[in-house]
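Asks: Sequence:
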Amino acid sequence: MGLPAPSAAALAFSAVLSDLLAREIEAAGGWIGFDRFMDLALYAPAKGYYSGGAHKFGAQGDFVTAPELGPVFAQTLAAQVAQLLELSSPQIIEVGAGSGQLAADLLRELEGRGRLPDSYAILELSGELQARQRQALAAQAPHLLARVHWLERLPARFDGLVLANEVLDAMPVHLLVWKPTGLAERGVAVDHGRFAWADRPASGRLLEQGLALSAACAMPSDYLSEVSLTARAWVAEWAARLGRGALLLIDYGFPRREYYHPQRSAGTLMCHYRHHAHVEPFYLPGLQDITAHVDFTAIVESGCQAGLELLGYSTQSNFLFNCGLGEVLARTPASDARRYLPLASAANKLVSPAEMGELFKVIALGRGISEPLLGFVSGDRCATL
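Take the position in the sequence shown, starting the count at 1, then add 85; the result is the number in our numbering.
Please keep in mind that the hints were generated in silico from the structure rather than gathered at the bench. Note that the coordinates shown come from a computational prediction; the quantities given were computed from them, not determined experimentally. C-beta atoms are modelled at their ideal positions from N, C-alpha and C, and glycine is treated no differently. Certain hints may be false.
[To be verified] Here are the computed distance ranges between Cβ atoms for each label pair:
hint, residue 1, residue 2, range
1, Arg285, Gln220, 19 to 27 Å
2, Gln220, Leu292, 44 to 52 Å
3, Thr266, Asn433, 44 to 52 Å
4, Gly289, Glu412, 49 to 57 Å
5, Gln220, Gln390, 34 to 42 Å
6, Ala321, Ala301, 37 to 45 Å
[Claimed, not checked] Derived DMTMM-like pairs (lysine to aspartate or glutamate); straight-line CA-CA distance at most 20 Å:
hint, residue 1, residue 2
7, Lys132, Glu153
8, Lys264, Asp307
9, Lys264, Asp284
10, Lys132, Glu237
11, Lys434, Glu153
12, Lys132, Glu109
13, Lys434, Glu412
14, Lys264, Glu237
15, Lys434, Glu456
16, Lys132, Glu213
All chains, full assembly: derive it from the sequences and hints.
Replies: Structure follows, in structure tokens:
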């Protein structure tokens with residue numbers, strides 16, 4: 086595949102996780118669903134990609150998220166955050182805060198706007214990432230660190246804003262194949278010491294979802310795609326706990342009819358290693374990210390069935406312009422090239438159709454929010470869901 090060669094230590098780390106996965110498959114009778122493989126590859130305690138110690142974000146990691154491009158993302162997002170805090174409660178929970186950069190930039194911007202939350206909680210299962218987040222906040226916003234605390238489970242009840250940037254795409258997915266003989270779940274076996282694909286008849290909730298998708302979309306024979314039962318359940322869990330407030334979710338994906346388009350016959354599964362993208366999830370488990378695009382129609386269905394209201398859905402580009410991206414950039418004079426050019430470059434990546442502007446979407450689900458949200462005043466795409 087032409088990927089960078091890992092170090093000896095990285096290979097040893099991957100070998101430990103590979104052995105864990107092989108033993109899991111053996112204990113399960115020789116086969117596990119891909120959702121279980123992905124869950125262990127990413128989150129196995131101390132061994133998975135997100136729970137291990139390797140750098141993941143930014144130039145030294147495997148991929149770059151919007152907050153890593155610079156402060157302009159958080160500075161613009163702050164306008165929507167401030168409105169939601171005003172309409173609900175001055176509390177934020179950020180789920181999966183990555184390097185901590187979004188939290189640091191967002192808190193500093195909210196401070197400058199005079200809209201600091203009373204508390205900023207970070208829901209993070211990885212102790213290693215918690216430490217990195219705390220370090221980033223201590224270095225960049227030490228006077229605000231007292232407002233931040235870390236959670237390891239969902240609260241019983243919460244009023245305020247739940248913020249998740251690039252979280253849904255890293256939730257484990259099932260793989261489903263539409264065959265002439267019926268629906269099959271594609272899972273993982275071991276063949277001559279190597280991980281290998283193996284299909285079994287789909288059953289249970291996965292079969293139900295597959296049949297529902299078949300009725301809604303035209304799947305050709307041997308069509309392969311993903312179904313994220315985990316993301317559906319996650320949204321429903323938050324709906325059961327959210328009082329007055331909103332979920333603000335930012336990720337890449339499509340409405341259902343685009344997601345399951347007949348021409349997207351190989352699904353959306355993607356792996357990221359040292360800034361190289363490829364489609365081989367069995368390559369060096371624990372050293373690479375494994376992701377799938379988001380079916381935003383499924384997210385809305387799950388939230389609304391659990392009692393939430395769809396508050397807005399749009400592209401990241403439209404959302405950021407609605408939130409005042411132009412005004413944020415205008416704070417820095419264009420004549421100050423040293424400061425302005427990096428901001429302009431980051432902004433271009435955030436909104437360009439060729440970069441993150443169209444593929445990334447922003448969706449808001451909430452309860453008890455009485456006013457239209459400013460991030461969706463123009464270019465709302467709820468009708469496409």
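Asks: Give a verdict on every hint.
Replies: Here is how each hint holds up against the structure:
1. For the pair Arg285 and Gln220, the beta carbons lie near 44 Å from each other, so the given range of 19 to 27 Å is not met.
2. Under the hint 44 to 52 Å, the C-beta atoms of Gln220 and Leu292, about 46 Å apart, fit the expected range.
3. Between Thr266 and Asn433, the C-beta spacing of about 49 Å keeps the proposed range 44 to 52 Å intact.
4. Restraint check, Gly289 to Glu412: a C-beta distance of roughly 50 Å satisfies the suggested window 49 to 57 Å.
5. Between Gln220 and Gln390, the C-beta spacing of about 40 Å keeps the proposed range 34 to 42 Å intact.
6. As the Cβ distance of Ala321 to Ala301 is approximately 20 Å, the hint placing it in 37 to 45 Å is violated.
7. A distance of roughly 25 Å separates the Cα atoms of Lys132 and Glu153; the hinted pair therefore is violated under the 20 Å criterion.
8. A distance of roughly 5 Å separates the Cα atoms of Lys264 and Asp307; the hinted pair therefore holds under the 20 Å criterion.
9. Between Lys264 and Asp284 the CA atoms are separated by roughly 11 Å; this keeps the pair inside 20 Å, and the hint holds.
10. The hinted pair formed by Lys132 and Glu237 meets the criterion: a straight-line CA distance of about 18 Å does not exceed 20 Å.
11. Straight-line distance between C-alpha atoms of Lys434 and Glu153 comes to about 12 Å, which keeps the hinted pair within the 20 Å bound.
12. Taking the CA atoms of Lys132 and Glu109, the gap is about 14 Å. The hint holds against a cut of 20 Å.
13. For the given pair, Lys434 sits about 17 Å from Glu412 by alpha-carbon distance, which is consistent with the 20 Å threshold.
14. At roughly 41 Å between alpha-carbon atoms, Lys264 and Glu237 are farther apart than 20 Å, so this suggested pair is violated.
15. Restraint check: the Cα-Cα separation between Lys434 and Glu456 comes to about 30 Å, which exceeds 20 Å; the hinted pair is violated.
16. Proximity of Lys132 to Glu213 is assessed by CA-CA distance (about 11 Å); at most 20 Å being required, the pair is judged to hold.
Checked against the numbered hints above, the structure violates hints 1, 6, 7, 14, 15; every other hint is satisfied.
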